[in-house]
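**Q** Can you make the complete structure from the sequences, with help from the hints?
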Amino acid sequence: MAKSKNAVGRRGFLKNAAASAAGAAALVTSTPLAEAQSTAQGSRGSATPAAPPPTEQQIARDSGNVRPPAVEVRKNTRPGSDLQIQVLRDLGIEFAAANPGSSFEAFQESVINYGNPPNVMPEWITALHEESAVTMAHGYAKAEGKPMLAALHGTIGIQHAAMSIYQAYYDRVPIVMVAGNDADFIPAHTARDMASMVRSFTKWDAEPKTVEESLVALQRAYNEAITPPMGPTLVVLTSEVQKENSPNLQIPRYQPPAFPTIDSSTARDIAKNLLAAQNPRINVGRLRTPEGVKRSVELAELVGACTSTTATQGPMSFPQRHPLCGPGADTKYDYSLGLEAPGAQVAINGPGLAKVAEERDVTHIDFKGVKTPSNFGRGGGRVEKPALPIEADAEASLPLIIDEVKRQMTSDQKARIQERAAKHAKANHDAHVAALEQAVEQKKAGWNASPVSTARIYAELWPLIMNEDWCFASPSGFSGSHNAQLWEHNKPYSYLGGQGAGGMGYGAPACVGAALAAKARGRMVINIQTDGDLNYAPGVLWTAVHHKLPMLSVMHNNRAWHQEYMFVEYMAGVRGRGPERATIGNVLRDPFIDYTKMAAGYGMAGEGPISDPTKLQAALRRGIASVKRGEPYMIDVITQPR
Amino acid sequence: MAKHLFVFVALAVGLNAQAPTSPVTGNAANGKTLYYDYGCYACHGYSGETGIRPFVGRWGHLGNEQEFLTFLRGRVNVAPVTPSGAMPNFSVEVLPDKKAKDIYAYIRTFKSSAPDVKDIPALSAIVNAAKQEKQ
Chain A
5 MAKSKNAVGR
15 RGFLKNAAAS
25 AAGAAALVTS
35 TPLAEAQSTA
45 QGSRGSATPA
55 APPPTEQQIA
65 RDSGNVRPPA
75 VEVRKNTRPG
85 SDLQIQVLRD
95 LGIEFAAANP
105 GSSFEAFQES
115 VINYGNPPNV
125 MPEWITALHE
135 ESAVTMAHGY
145 AKAEGKPMLA
155 ALHGTIGIQH
165 AAMSIYQAYY
175 DRVPIVMVAG
185 NDADFIPAHT
195 ARDMASMVRS
205 FTKWDAEPKT
215 VEESLVALQR
225 AYNEAITPPM
235 GPTLVVLTSE
245 VQKENSPNLQ
255 IPRYQPPAFP
265 TIDSSTARDI
275 AKNLLAAQNP
285 RINVGRLRTP
295 EGVKRSVELA
305 ELVGACTSTT
315 ATQGPMSFPQ
325 RHPLCGPGAD
335 TKYDYSLGLE
345 APGAQVAING
355 PGLAKVAEER
365 DVTHIDFKGV
375 KTPSNFGRGG
385 GRVEKPALPI
395 EADAEASLPL
405 IIDEVKRQMT
415 SDQKARIQER
425 AAKHAKANHD
435 AHVAALEQAV
445 EQKKAGWNAS
455 PVSTARIYAE
465 LWPLIMNEDW
475 CFASPSGFSG
485 SHNAQLWEHN
495 KPYSYLGGQG
505 AGGMGYGAPA
515 CVGAALAAKA
525 RGRMVINIQT
535 DGDLNYAPGV
545 LWTAVHHKLP
555 MLSVMHNNRA
565 WHQEYMFVEY
575 MAGVRGRGPE
585 RATIGNVLRD
595 PFIDYTKMAA
605 GYGMAGEGPI
615 SDPTKLQAAL
625 RRGIASVKRG
635 EPYMIDVITQ
645 PR
Chain B
186 MAKHLFVFVA
196 LAVGLNAQAP
206 TSPVTGNAAN
216 GKTLYYDYGC
226 YACHGYSGET
236 GIRPFVGRWG
246 HLGNEQEFLT
256 FLRGRVNVAP
266 VTPSGAMPNF
276 SVEVLPDKKA
286 KDIYAYIRTF
296 KSSAPDVKDI
306 PALSAIVNAA
316 KQEKQ
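If you're matching them up, the sequences are chains A and B in order.
Quick note: the first sequence uses our numbering, first residue 5, plus one each step.
Quick note: the second sequence uses our numbering, first residue 186, plus one each step.
For the record, the hints were derived by calculation from the structure and aren't laboratory data.
Bear in mind that the values here come from a model prediction, so they are computed numbers and not experimental data.
Check each hint, because a few of them may be wrong.
Pairwise CB distance ranges (calculated) [as the list claims (entries may be wrong)]:
#1 B/S309 / A/K375: 39 to 49 Å
#2 A/I469 / B/D304: 14 to 24 Å
#3 A/K619 / B/A213: 25 to 35 Å
#4 A/M470 / B/K283: 46 to 56 Å
#5 B/D301 / A/K375: 46 to 56 Å
#6 A/D370 / B/P208: 51 to 61 Å
#7 A/S615 / B/A213: 53 to 63 Å
#8 A/M470 / B/D301: 21 to 31 Å
#9 B/D304 / A/P122: 53 to 63 Å
#10 B/P208 / A/E568: 36 to 46 Å
#11 A/K601 / B/A213: 30 to 40 Å
All C-beta atoms, glycine included, are put in the ideal place defined by N, C-alpha and C.
**A** Here is the structure:
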């Protein structure tokens with residue numbers, strides 16, 4: 005890269021520093037004070053019996069009234085990184101998570117010192133591993149529906165983060181990442197095209213050549229991240245564009261992205277059909293942001309449609325206990341609309357990863373899960389013959405439909421809708437209670453068993469948090485998904501769902517990311533933490549303590565990777581060999597891991613191990629009290645295997 | 186795939202809530218050790234009440250000793266090579282009849298540890314809260 009005349013690389017900085025030091029030394033040797041000292045030393049041992057009277061300079065020195073010699077102050081008044089942080093601030097980026105790296109020290113210095121107040125929007129979050137930093141951003145994005153930033157150090161930081169980036173890509177989660185590139189420092193940490201290492205599973209990347217370009221690149225990285233298909237984006241920032249003084253550069257005007265919507269005629273038709281239907285249905289999948297959830301509620305209420313939700317499986321869907329959520333009073337629907345979900349008549353689904361994969365996967369790795377599955381549009385609801393989806397963003401299309409519904413609705417329709425909605429509300433309430441009564445009969449199995457049943461963890465926890473503002477941020481699949489039947493998921497962030505690509509090492513850092521969002525909003529984060537998952541990068545517990553995050557971790561400590569244990573058992577059976585040795589490589593014994601001590605090592609309060617189920621509830625109460633004080637807490641529970 | 190397997194297993198074993206009363210010839214104490222050594226607990230829980238396929242409450246192919254043996258051996262013909270969470274095959278070479286009967290004897294000692302829901306405050310609280318919510 006060609007350096008501009010104002011560029012300040014590491015070599016240039018060291019050279020200048022050495023010159024400044026030499027200059028300062030020269031100044032010292034020419035001062036009157038030095039001359040006086042020389043005179044005094046030179047007179048020692050001479051025949052002169054008495055020392056001369058002190059000079060003014062000596063008096064000044066002895067009285068502590070010495071001023072340092074004048075040196076030239078570096079005139080880097082507006083470094084590029086200050087402007088880059090201002091761009092992020094303007095975009096509403098709340099946090100920047102990073103493990104320290106000697107390629108983005110200028111960027112980091114700007115985060116922590118630039119602005120008034122400094123280190124706010126974004127606030128620097130200390131991560132102990134780049135994989136954790138990106139997964140924190142993953143959890144945050146799922147809770148808030150918007151990106152935070154992760155900073156990565158050169159080639160090694162990007163590779164440390166690669167799995168998390170891959171997982172966020174699969175999960176279609178918006179994350180903005182920057183990677184420092186200091187070509188003058190450690191050669192092994194730099195590369196000609198760093199972003200190529202993760203290009204196949206990021207949505208967009210750039211390596212700007214000037215400060216101005218870097219500002220535009222950050223704005224575009226944000227826009228690309230939040231438009232469907234959402235995904236992680238990466239901007240490589242060289243030392244030069246971080247450090248270059250840019251006193252006269254203006255921040256480019258931000259242009260919000262355009263989201264693909266249905267056209268006005270389609271909106272008219274959908275509104276007309278929803279209003280004409282005797283029993284319309286709206287299937288709501290995973291929308292982008294809380295605003296989309298709000299809009300879906302508004303539409304359902306306007307037309308009195310009963311709805312389905314994916315809120316028990318992941319974030320940003322219809323509130324589970326909204327009166328209209330459920331099968332409704334009549335399950336023969338004559339018109340159904342899918343919003344990021346299948347629909348019998350119309351389905352609006354944003355573009356999938358396949359849309360960008362061809363362009364991005366230039367090395368033809370061909371990740372199979374990126375392709376649109378053959379059964380796309382057929383899952384997530386009982387839809388007999390799903391309509392071919394319209395490729396548009398459902399959330400961005402909702403205002404168009406709502407406006408049309410409001411425009412077309414007659415007073416007669418309004419009265420009929422209110423009557424229908426009341427019937428749905430009663431039916432949905434009854435259906436929920438009936439399902440719950442059935443569920444608790446199943447969940448009580450093994451209630452008093454030791455080790456503790458996974459269902460009991462969920463059942464004991466729910467009454468303690470049901471009146472709190474909570475976010476369940478860890479995946480629940482390996483611990484039984486009991487929340488789906490026992491808890492109520494009424495907020496866009498109630499449950500953040502699975503890992504995305506099934507990659508382990510996700511739970512704790514995703515919870516920390518969700519807890520970053522939760523702290524400022526008065527929520528608490530629940531982490532039902534599988535043991536194998538935590539051991540990938542447990543240092544994230546320290547981050548939770550250091551930043552005083554409201555996170556309750558309850559260990560699902562079954563001391564094994566039981567799914568893999570079962571697979572190996574199965575394979576031994578297929579081959580006619582016994583399963584007695586299937587534990588090899590699949591269990592966490594000899595020794596058992598003490599998670600309370602692990603947490604304590606990172607400064608986190610906690611208790612356990614608990615294998616007596618009768619001791620669980622009191623421990624949970626203590627944990628919640630601790631979290632409410634701003635101190636994350638860990639309860640180690642020895643559990644049944646699954 | 187896991188969901189399909191679960192449905193398959195559920196259909197294959199059938200559901201019945203009554204605990205079997207057929208004769209038991211094995212040694213339950215030996216069976217307890219074997220239950221762990223052979224990894225039965227991984228899917229069926231330490232006490233047969235939990236996991237992806239609990240026994241208690243739906244005994245399925247555990248109706249009697251012979252049925253259990255037949256089920257264990259029969260798996261070899263239905264088990265695909267693809268790794269799965271389905272019940273493994275246990276041939277007579279790796280799990281002789283005597284050991285299998287000991288395991289069966291131990292399984293038959295399993296009983297529900299769960300009180301009625303009305304006697305479990307947490308579960309009652311969950312149901313009551315749901316009932317009281319405004320419609």
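**Q** Now tell me, hint by hint, if it's right for this structure.
**A** Each hint tested on the structure:
1. B/S309 / A/K375: 39 to 49 Å: Because 48 Å falls inside the window, the suggested range holds.
2. A/I469 / B/D304: 14 to 24 Å: Cβ of A/I469 to Cβ of B/D304: about 23 Å, so the range 14 to 24 Å holds.
3. A/K619 / B/A213: 25 to 35 Å: holds, 29 Å
4. A/M470 / B/K283: 46 to 56 Å: Taking Cβ atoms as reference, A/M470 and B/K283 lie about 51 Å apart, which means the hint holds.
5. B/D301 / A/K375: 46 to 56 Å: Hint holds: Cβ distance 50 Å, inside 46 to 56 Å.
6. A/D370 / B/P208: 51 to 61 Å: holds, 58 Å
7. A/S615 / B/A213: 53 to 63 Å: About 23 Å separates the Cβ atoms of A/S615 and B/A213, which means 53 to 63 Å is violated.
8. A/M470 / B/D301: 21 to 31 Å: holds, 22 Å
9. B/D304 / A/P122: 53 to 63 Å: Given about 57 Å between the Cβ atoms, the range holds.
10. B/P208 / A/E568: 36 to 46 Å: At 37 Å between Cβs, range holds.
11. A/K601 / B/A213: 30 to 40 Å: holds, 37 Å
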